[in-house]
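Engineer: With the sequences and hints as input, model every part of the structure.
In case you want the letters, here they are:
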Amino acid sequence: MDPGAFKRLAGLLPAARFLVRPEQLVAYSSDALTAFQTTPVAVAIPETQEEVIALVRACHREKIPFVARGSGTSLSGGSLPVAGGIMIALNRLNRILKLDPSQRIAVVEPGVINAQVTTAAAPHGLYYSPDPSSQSICTIGGNVAFNSGGAHCLKYGMTSNHVLGIKAVLASGELVEWGGASREQVGPDWCGLFTGNEGLFGVALEITLQLLPRAECFHTVMAGYRTLEQAGDAVAAIVASGLLPGAMEIMDALALEAAKAAVHADYPAGCEAVLIVELEGPREVVDIDRVHLEKILDASQPIESRPARDASERLAIWKGRKSAFSAVGRLSPDFIVQDGVVPRRRLGEALKRIGQMSREAGLRCANVFHAGDGNLHPLILYNGSEPGALRRAEELAGKILCMCVEMGGSITGEHGVGMEKKEYLPSMFSEVEMNCLKAIRSAFDPEGISNPGKMFADGTGSNLTRSGLHPLEKSGVISRE
Amino acid sequence: MKSISSPENYEEVAELVRQGRRVLAVGARTKPRLSMVTGDVEEISTLNLRGMVEYMPEEFTFTARAGTSLQDIAGLLKQSGQYLPFDPVFAAQGSTLGGCIASGISGPGRFRFGGIRDFVLGLKFVDGSGRILNMGGKVVKNAAGFDLPKFLVGSLGRFGIVVEATFKVFPRPVSTLTLRINSGSLTDSIRIVLESAVQRWELLAIEVPHPGDSVLLKLGGNLKAIEKIGEEILSRWSGKMLSPEEADLIWNQSAGFEWRHDGGPLIKVPVIPDEVQLLVESFSIFKDVRIHFGNAANVAYVSLPSTEQSVAASEMLAGLGLTGLTFSGAGPLWTGIQKKTEIAKSVRAVLDPDNKFPTLEE
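First to last, the sequence lines map onto chains A and B.
Under the working numbering, think of the first position of the first sequence as 1, with each following residue one higher.
Under the working numbering, think of the first position of the second sequence as 1001, with each following residue one higher.
Keep in mind the hints are simulated off the structure, nothing from the lab.
Just to be clear, a hint being listed does not mean it is correct.
[Stated by the list, open to error] So the derived list for chain B, only partly shown, Cβ under 8 Å to chain A, looks like this:
id, residue
1, Asn-1048
2, Arg-1050
3, Glu-1059
4, Phe-1146
5, Leu-1148
6, Val-1174
7, Ala-1197
8, Lys-1224
9, Pro-1270
10, Val-1299
11, Leu-1325
Virtual Cβ for every residue (Gly too), placed ideally from N, Cα, C.
Structural biologist: So this is what it looks like as structure tokens:
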């Protein structure tokens, strides 16, 4: 970086908030996809929107690459620093600027933690729906950048379905405001286009989120099956019945084994798969729907079906499910997780092929997935200290992604393309379509300075290293889904 | 001078765009103001691009050609117990799927699960260079690439011609129940809207029809269950449960905007409930203005008796800090305040470098 440009950039913030020492920078050298690491030249820590705008405009002027980052929980390497560039850490823009219970909205800065929105809304009987498993630490800015999902997407959608307004500074330096407090709009949907841009368009400064009334009643059932196929058939039967559960999740034998070991989750003996189904709504509706669900589950011949009898049993079911990923980490020193999507009717076939491909690669693979929307989460276990193991794991992951596309699905349901899957994006789009996507990016970022090297395979990037699980993942605070 | 072509396949659409000087897609013209542009334009009708391409009830998705009528789609979905939860408007009048996307106008069901933007999964469209582009996907969850399908919702065909679309659908409620609450005044209607929007009832729709002295609430689910909820609502506010025939009539009239003035401008104005009172008071200077509030008073549909009032109405909206879109009748396409951005020009330069489509301002 040009020393003059660097000095001008550094002059925008007090020295204490413009980190340059190696021991300060190392904490920002990777995100939750720890296999990728790069050290930024500096980390800027703005505290106000004006400071972010000044930084982005200076980067534009000086042609300095930057990566905006929240808590760094991206699973696709989307918030990996760029060599020769700066990191803009948005964690101190963490104010909930407005909470309007009567209009059911929250206006937040990008550094606000996902779960804090629901915490603030809860006294008004409201909540923020998207619930990625890292919701206790991931930020809304990151959720907007990657269009994050969670377990309730079939019924309520992903982040983009809950963003009503965005104020952002684009990589071109332009300040824009789209949408607002109303749930309606006219004209092109700029908020829709911006959400999921993976940091390639610019930096969101203020986000208006819609809040939903919390369901009055939940009915959560865990059913154990002898085979994964039976669990998949049960999901198909539920979908065909006209019920619309809030969540439908499946865990396979390896994931169950891990959850048992980690949080002493209790599953029916002899089951190879567990299905979790959750109904929600007004009590009168849930009381009738639960009878309907019981009949469907009985007909699906589970080894055992256990409805949660109270809130603590419901929490226990979800604890086992949500711990599954970090628990799998106990079975293996390293693992890779993918989040490809297949059409729901092909779930059984997809799982069979994943099993077969894993055996051929000599690797174990656990499966935990959002069955309601066909969003797989195969966890490929490997030992990075074994020569070639990471490469084999990556090859297997690639084969799984290709399988998802071949079946008519997607390479990513909720993690985004980032660093990890950029080689595979062209498998979903033609050359002409890829060129169009790249040109759209250039419209927002003519200099190519905002999160370069992500989403599009352009030869830039960082070295792949073996570095094991993220410390927060090891401690079970976050998980990869 | 306007000419009209009716291509029968996507390549023909692309060729018409490539060969044309200035082109604009039209469907069934149920929202005629959106395609009423000044100067020469070659219209490309989507009406010969019709039919379901793929419908998989077990996936909760369908893919259909842009000229397919929403009524035909609704009929097919109904056979499998499914529906488009945003209650498409003008379906009975022949509105097409492409027109629904281009207009971005959703119906009353938008309140519960979201609007067109929330159910569109993927689009195939022809851009201004005549390229046929497939964006988004065909599965209910997808985060790969930029979300151009959402961007094109509400873009009035000014960035591309949608030729095919994939949507998510939901199970149709086994029964519905509509309540009409007699509030007596607009102020009380808005109070009821705000209170009912956060209750445990999970209403499908909350609408305040003109003249604002009643509120329509719609419930969906098992009949016994929703009747119990309906009774609770009626113990709180005075009103009645409508018979299925009464309810069908009222929702059909609403979807067709049958309450509006014939011929005058019909304007969509996004609002929030706090802005409703002032909007109504301000517009009371226009004789016989009719305003229907939808989506829990998050949108106002304003019907003026004559075009002569449209410029003054636009200035009125600007004074209130609001923006509107005229989709029927004459008058300016955009009313009220208009924000212009550099990025809109840059994106247009990507999708329509030769200015084949009219601009959003035309």
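Engineer: Decide, hint by hint, whether the structure agrees.
Structural biologist: Taking the hints in turn, this is what the structure says about them:
1. Asn-1048: Violated, about 25 Å.
2. Arg-1050: 23 Å, violated
3. Glu-1059: 5 Å, holds
4. Phe-1146: At about 6 Å, which falls below the 8 Å cut-off, the nearest Cβ of chain A leaves the hint on Phe-1146 (chain B) intact, so it holds.
5. Leu-1148: With a closest approach of 7 Å, the Leu-1148 (chain B) hint holds.
6. Val-1174: 7 Å, holds
7. Ala-1197: 7 Å, holds
8. Lys-1224: With a closest approach of 7 Å, the Lys-1224 (chain B) hint holds.
9. Pro-1270: 4 Å, holds
10. Val-1299: At 4 Å from the nearest chain A Cβ, Val-1299 (chain B) passes the 8 Å test, so the hint holds.
11. Leu-1325: 4 Å, holds
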